[in-house]
Every structure is written in structure tokens, then in C-alpha cells.
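Undergrad: First to last, the sequence lines map onto chains A and P. Mind the numbering: the first sequence is residues 1 to 191 in the working numbering, read in order. Mind the numbering: the second sequence is residues 192 to 391 in the working numbering, read in order.
Read the hints as simulated data drawn from the structure, not as lab findings. Only true hints are included.
16 Å max Cα-Cα, derived EDC-like pairs, lysine to aspartate or glutamate: (1) P/K380 / A/D11; (2) P/K372 / A/D15; (3) P/K383 / A/D15; (4) P/K372 / A/D11; (5) P/K380 / A/D15; (6) P/K383 / A/D11; (7) P/K380 / A/E17.
Examples of chain A residues toward chain P, derived with CB under 10 Å: (8) D11; (9) L22; (10) S27; (11) R33; (12) Q44.
Only a predicted model underlies this, so the values are computations on that prediction, with no experimental measurement involved. Note that CB positions come from ideal geometry on N, CA and C, so glycine has one too.
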Amino acid sequence: MDGHVDEALTDRRLDREIEALLVVEPSPQFTARARERVARVQMQAPWHGSVLRVGAAAAATAVVVIGMWRMPTPGPRVSERPPSAASRPDEAVTPSVAAHPRDEAAPPVPLSATPRPVRVETQPAEGPHAEIVISREDAAALQRLVDVLAARQLEPGVLPQLDSVSAPLAPIEEIVLEPITLSPIAGLDSE
Amino acid sequence: MHERVDHVVGRLVTVDHDLERDFEARLVDSSRLAIRVAFSVLRQREDAEDVAQDAFAKAYRSFRQLRDRDRFRAWLVRMTWRMAIDRQRANPRRVEREIQDSAQREIWGARGAGVEAGLQAGRGPSDAVDVVVEQERAEYLWAAIEALPEKLRLTIVLAGIEGYDVREVAALLDVPDGTVKSRLFLARKALKERLSWMAT
Chain A
1 MDGHVDEALT DRRLDREIEA LLVVEPSPQF TARARERVAR VQMQAPWHGS
51 VLRVGAAAAA TAVVVIGMWR MPTPGPRVSE RPPSAASRPD EAVTPSVAAH
101 PRDEAAPPVP LSATPRPVRV ETQPAEGPHA EIVISREDAA ALQRLVDVLA
151 ARQLEPGVLP QLDSVSAPLA PIEEIVLEPI TLSPIAGLDS E
Chain P
192 MHERVDHVVG RLVTVDHDLE RDFEARLVDS SRLAIRVAFS VLRQREDAED
242 VAQDAFAKAY RSFRQLRDRD RFRAWLVRMT WRMAIDRQRA NPRRVEREIQ
292 DSAQREIWGA RGAGVEAGLQ AGRGPSDAVD VVVEQERAEY LWAAIEALPE
342 KLRLTIVLAG IEGYDVREVA ALLDVPDGTV KSRLFLARKA LKERLSWMAT
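Given only the sequences and the hints, what does the whole structure look like? Please build it.
TA: Quick look at the structure:
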């Protein structure tokens with residue numbers, strides 16, 4: 001701002017005038033007040049974290065409930081099978097083709113009336129529930145870690161370095177099965 | 192296992208302290224920039240400081256997620272600008288009234304002080320008139336800047352803060368140097384057209 005109204009309005013002069021307009025220095029209390037507001041944000045963080053924790057817990061519970069609900073029971077299970085067919089195991093395997101030729105007295109059945117095929121579901125040998133038992137101290141430590149994660153106090157670069165503090169896993173011992181011998185039942189020979 | 196988790200938690204606490212220190216350094220370093228950006232919109236020192244403090248609090252909330260910490264100043268500038276614009280839009284009448292009151296105080300204050308100082312220094316009343324003219328020129332310049340489109344306005348303001356050059360303004364706005372040059376050209380052209388009567 002030169003105060004000379006007759007001077008041409010050059011870029012340089014314009015910039016000088018704008019610069020003069022924006023010369024504002026922070027007041028002495030500015031930094032202290034800014035710190036105060038930042039501290040207020042820090043105080044709000046636990047509330048924020050607890051909301052996240054509740055959300056995470058609810059999501060985890062929902063996943064477990066849905067998982068248990070959809071998980072079938074172990075062992076073979078016959079579904080959609082009429083009660084009368086339960087005594088004829090051969091029909092269970094080939095229902096619509098194997099059953100009809102034997103039933104000579106029955107009239108021919110139209111294709112639309114053919115009973116629905118029976119589906120046999122088999123499950124893997126091992127049980128669906130795998131449980132791990134850990135000590136109370138480990139559980140408490142895990143809980144703390146989950147809290148830290150939920151409060152978003154975790155730097156992304158920290159987790160991969162956990163490998164360096166992980167203990168080596170114990171070797172798995174070989175499982176040896178004893179041979180199974182079948183001996184005939186004594187009472188059956190007399191029949 | 193809990194020892195290992197405690198070890199990790201201990202390291203996280205250390206990381207947190209580092210984060211606090213880092214943020215504190217940036218707060219001190221960028222205070223003037225934030226206030227001036229807010230002031231360029233609100234033209235009120237108290238409001239500008241208030242908005243700048245809010246911007247720092249907001250920045251702190253997301254500071255952890257800021258991957259490239261060197262981008263902090265650019266991030267802060269954009270945030271402060273947006274918050275200042277929002278405040279101005281939220282209560283335009285109050286802001287306008289305060290600006291007018293402040294301008295009147297400055298003009299009348301300058302008139303009085305200029306006349307008094309000029310007379311005490313043994314100078315003529317023309318010096319006092321110069322001061323008054325200067326204040327009124329500033330008012331017209333403010334009005335011309337506010338009439339600019341937002342992108343041009345922010346660019347010319349940043350170029351005027353602390354004498355930033357084209358490259359520094361481009362870094363703050365996260366745009367190419369050429370974009371800043373063209374925006375500065377358009378902004379200066381518009382300001383000159385608007386203020387041309389003052390140069391005669």
C-alpha cells in the first residue's frame with residue numbers, strides 16, 4: 001500500500017498490497033488455545049473408541065451367531081426325505097430309478113408325480129467346533145490389544161514386526177495309530 | 192504371550208508420544224499460515240483464530256491417518272479455507288457487519304491518528320489524508336478479492352501470504368505449477384480491471 005494513487009497498478013504493486021492486507025500475527029494465546037482444543041479432542045477419543053469397540057463386538061457377535069446358525073450338525077444327515085422311505089436305504093441312494101421297478105403292483109406314475117430326489121449330505125470327519133483354551137493372562141493381554149486396535153492407537157507399521165517377538169511353534173508330534181484287530185463274536189457261530 | 196502384547200502396547204504408547212510431538216511442532220510451525228488463510232476469508236482476527244484453532248483440532252483427529260506428513264501444510268490450508276468459508280456462509284450478515292464495523296474503526300482511527308501524528312510531526316494534513324486513502328484502498332482491494340471465483344481467490348491469497356512463490360503455492364494447492372501461473376494471471380487481471388479507477 002503505497003498511498004500513491006497515480007502509480008500504475010503493476011503485478012508487483014498488487015502483490016505488495018495483498019501481502020499488506022494479510023499481515024496478521026497469531027496472538028500470544030493462540031497456541032495455548034489451539035492446544036486446549038486438541039486436548040479436548042484427545043478427551044473425546046475414549047468415547048470414540050468405546051463406540052468403535054461396541055461396534056466391533058456387535059459385528060463379531062453377529063458373525064458368530066450367523067456362523068453357528070448356518071453350520072450343519074456333524075455326521076451324515078438325510079434331508080427332504082419322506083418318513084416312509086427311511087426304512088429303505090437303497091432308495092436313499094437312487095430314489096426315483098431304483099425304487100419303481102421293484103414296486104410291480106403300483107400303477108405307472110406320471111413324470112410330474114415322481115417323488116423328489118433324496119439328497120444325502122455327508123460331513124467331514126472332524127467336528128465343526130474348534131476351541132482353543134488359553135490362560136487368563138493371555139486373554140487379558142489379548143483384550144488389551146483389541147482395545148488398542150479399537151481405539152485406533154495402532155500404527156500400521158507395528159504389526160508386521162510382531163514376527164520378531166513371536167515365540168517359535170512347538171513341533172507337532174507324530175500320531176501313531178495302533179492296528180485294529182477284529183475278533184469274531186462267540187455267540188454267532190452257533191447260528 | 193501377554194508379555195509380547197505388553198511389549199507391543201508399550202511401543203504403541205511410544206509411537207503416540209512421537210505423534211504428539213510431531214503434531215505440536217507442526218502446530219507451532221503452521222499457526223501463522225492457518226490464521227492468515229482464515230483471515231483472508233473472514234477479515235476478523237478473532238474469528239480467524241477461532242477457525243484456525245478448530246482446523247488444528249480437526250487436523251489432530253485425522254493426523255494418524257495422514258500418511259505423508261509433509262503434506263500437512265497443504266492439508267491444513269485446504270481445511271482452514273473450507274472451514275472459514277463455511278463459517279462465513281453460516282452467518283454472512285454477522286460476518287459482514289463485523290467487517291464493516293472493523294473497517295470503519297480502522298478508517299476513523301487512522302484518520303484521527305494520521306491527522307494527529309502528522310500535525311505532531313510538523314507535517315501538513317496531506318499525510319493524514321494519505322493514511323485515510325490507504326485504508327479506503329484496502330477496503331476496495333478486499334472487496335475485489337472477495338469478488339473473485341474461489342479458486343482464483345485462494346491462489347492469489349496464498350501467493351500473498353509470506354511471499355510464497357508459484358512452486359510453493361502449487362504444493363499447497365496440490366496442482367501443477369502451470370495451473371497456479373494461469374490462475375494468478377487471471378486473478379491479477381480481474382483485480383486490475385476492478386481497481387483500475389484507483390490507478391488514475
